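Heads up: the sequence lines are chains A and B, in that order. Whatever position you read off the first sequence (first residue = 1), add 129 for this note's numbering. Whatever position you read off the second sequence (first residue = 1), add 1 for this note's numbering.
Just so you know, the hints here were simulated from the structure itself, not pulled from any lab data. Bear in mind that the values here come from a model prediction, so they are computed numbers and not experimental data. Just so you know, even glycine gets a beta-carbon here, dropped at the ideal spot from N, CA and C. Any given hint might turn out to be false.
What the hints assert, rightly or not - Quick list of the computed label-pair ranges, beta carbon to beta carbon:
| hint | chain 1 | residue 1 | chain 2 | residue 2 | range |
| --- | --- | --- | --- | --- | --- |
| 1 | A | R306 | B | A50 | 12 to 20 angstroms |
| 2 | B | A43 | A | E257 | 16 to 24 angstroms |
| 3 | B | A43 | A | S323 | 17 to 25 angstroms |
| 4 | B | A26 | A | R287 | 15 to 23 angstroms |
| 5 | A | T221 | B | A43 | 37 to 45 angstroms |
| 6 | B | A105 | A | Y224 | 46 to 54 angstroms |
| 7 | B | G25 | A | T296 | 24 to 32 angstroms |
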Amino acid sequence: MQDVCTDAEMIALLREAQRSDPVACDRLYTLYSDKIFRYLYVRLGQREVAEDLTADVFVRMLRELPRYRADTTRPVAAFSAWLYRVASNLLTDHYRRQRHRHHLDISEQTALPSSEPVPFHQAAAAEERNVLLDAVGQLGDEQQRVVLYRFADQLSVRAVASAMGKTEGAIKALQHRALENLRRILAATDRAAS
Amino acid sequence: MLFSRRPDSFENVLATCLDELDAGAPLEDILAKYPQHVADLAPLLAVAAQMRTAPWPALSVHGRVQGRERMHAALAQYHSGFSRWHPSWVQAAMALVIVVGISAASVIVTKQDWPSPFATPVPLAGATATSQQTVVAPSDTATTTPTAEPSATPTPQIATATSTVTVTASLDSKPATVLPSPSLQPSATASPWATATLRPTPTVLPTATLVMNANSMSQTPRPTDTAGKPGPTATSGPTGIPPPPPPTRIAPPKTPSPVAAATTTTQPPAAASLEPPTAPPPASAPGPLPPRR
Numbered sequence: 130m131q132d133v134c135t136d137a138e139m140i141a142l143l144r145e146a147q148r149s150d151p152v153a154c155d156r157l158y159t160l161y162s163d164k165i166f167r168y169l170y171v172r173l174g175q176r177e178v179a180e181d182l183t184a185d186v187f188v189r190m191l192r193e194l195p196r197y198r199a200d201t202t203r204p205v206a207a208f209s210a211w212l213y214r215v216a217s218n219l220l221t222d223h224y225r226r227q228r229h230r231h232h233l234d235i236s237e238q239t240a241l242p243s244s245e246p247v248p249f250h251q252a253a254a255a256e257e258r259n260v261l262l263d264a265v266g267q268l269g270d271e272q273q274r275v276v277l278y279r280f281a282d283q284l285s286v287r288a289v290a291s292a293m294g295k296t297e298g299a300i301k302a303l304q305h306r307a308l309e310n311l312r313r314i315l316a317a318t319d320r321a322a323s
Numbered sequence: 002m003l004f005s006r007r008p009d010s011f012e013n014v015l016a017t018c019l020d021e022l023d024a025g026a027p028l029e030d031i032l033a034k035y036p037q038h039v040a041d042l043a044p045l046l047a048v049a050a051q052m053r054t055a056p057w058p059a060l061s062v063h064g065r066v067q068g069r070e071r072m073h074a075a076l077a078q079y080h081s082g083f084s085r086w087h088p089s090w091v092q093a094a095m096a097l098v099i100v101v102g103i104s105a106a107s108v109i110v111t112k113q114d115w116p117s118p119f120a121t122p123v124p125l126a127g128a129t130a131t132s133q134q135t136v137v138a139p140s141d142t143a144t145t146t147p148t149a150e151p152s153a154t155p156t157p158q159i160a161t162a163t164s165t166v167t168v169t170a171s172l173d174s175k176p177a178t179v180l181p182s183p184s185l186q187p188s189a190t191a192s193p194w195a196t197a198t199l200r201p202t203p204t205v206l207p208t209a210t211l212v213m214n215a216n217s218m219s220q221t222p223r224p225t226d227t228a229g230k231p232g233p234t235a236t237s238g239p240t241g242i243p244p245p246p247p248p249t250r251i252a253p254p255k256t257p258s259p260v261a262a263a264t265t266t267t268q269p270p271a272a273a274s275l276e277p278p279t280a281p282p283p284a285s286a287p288g289p290l291p292p293r294r
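Hey, can you work out the whole structure from these sequences and the hints?
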């Protein structure tokens with residue numbers, strides 16, 4: 130299934146979803162569930178919690194959708210920003226409830242059975258991924274979203290600009306700053322590790 | 002944006018290099034195109050390549066299915082009508098409408114002359130359920146004619162309950178026997194809620210017959226009880242059940258109410274019959290009636 134949709138498609142999709150059409154809601158879930166999950170996962174570092182919160186985001190989306198006013202000029206970007214805002218609010222609520230500190234559990238993210246021996250290259254890859262996720266998690270909200278859109282979802286600058294409701298130049302600048310920050314964080318991590 | 006307007010800005014060069022990297026061009030070839038930015042581009046493109054090839058987490062199959070199920074469950078709840086999606090004030094308003102509707106319906110039902118299900122005599126453990134009671138006013142004559150023997154083993158609770166039912170049934174099922182008198186309100190024979198509208202006065206004492214009836218349920222009938230009693234005439238029924246005691250023996254309340262009357266009627270005999278449940282009066286050998294004064 131196509132992972133992006135045009136503005137015209139989004140307007141029709143939102144109209145149907147606001148009428149509680151299950152197919153339209155399911156399409157929205159397909160479009161955004163992985164993005165929302167990654168957004169939450171890089172902050173939480175816990176897969177199960179991130180998956181639970183992802184489901185909560187879409188339940189909240191259904192609840193708030195009748196009151197959502199679609200932006201006809203840039204519906205994809207407006208809805209995407211709105212959905213990320215819902216996720217951010219739920220994340221704040223989660224932190225408030227749990228008083229949970231951001232951390233990454235390496236053993237949880239390997240997703241390998243503990244009874245089997247872990248090959249060295251798999252363990253190294255898992256650790257590298259954890260380091261990267263940890264670094265992304267230290268970015269600001271917009272930079273984080275740009276990184277996730279550009280490198281995890283592999284969207285073009287134009288698509289990211291549409292999704293975030295910004296100009297392409299702004300996305301390029303955010304991308305630049307995000308990569309600079311990542312380089313700095315990763316270098317610091319390497320120094321700490323050595 | 003200031004930087005985005007410059008075609009040769011570093012952000013544009015970086016974006017172009019990233020596009021080429023996405024297209025699969027080697028990193029060395031890309032850097033060779035921008036020798037003036039190599040020092041800045043190289044570390045950033047290395048990080049970008051690392052990010053590009055990183056195994057980004059995705060929803061697991063279980064998490065995806067679970068999330069989709071929760072969303073559709075919420076949708077089904079939304080379609081079910083009255084759900085949590087409604088604001089709280091809507092729920093409160095609907096609850097208020099329901100309460101007001103029930104209250105109005107009960108008022109309408111109460112004001113109509115429909116026979117109440119409570120007016121039907123209910124046989125309780127073989128006790129007298131259809132005793133006929135005639136209150137003759139203004140004289141103090143009360144005649145109790147039970148049509149069945151009282152229960153052989155009446156419990157205090159049964160006796161109390163029977164007394165209440167007897168009054169209701171007799172006044173309700175035999176409205177013609179209640180003679181109009183100043184002591185009875187006119188609605189006593191017309192309303193199915195006779196027990197609620199019947200207001201005894203000091204001259205008419207339906208409560209006195211009630212006392213007797215309750216007494217007869219808990220005590221062994223003694224035909225001789227009626228003999229030599231002062232006061233108004235009391236005759237027993239064909240079964241030999243003792244007649245009710247003189248109504249004048251129990252002083253009616255000054256401002257009687259249905260509840261007060263019921264409470265008053267059960268006082269002397271109920272006090273005798275409402276023994277603790279652990280020691281009910283023996284049915285086979287019931288004791289004599291308490292002396293009346």
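- Any of the earlier hints contradicted here, and which numbers? Per hint list: zero violations.
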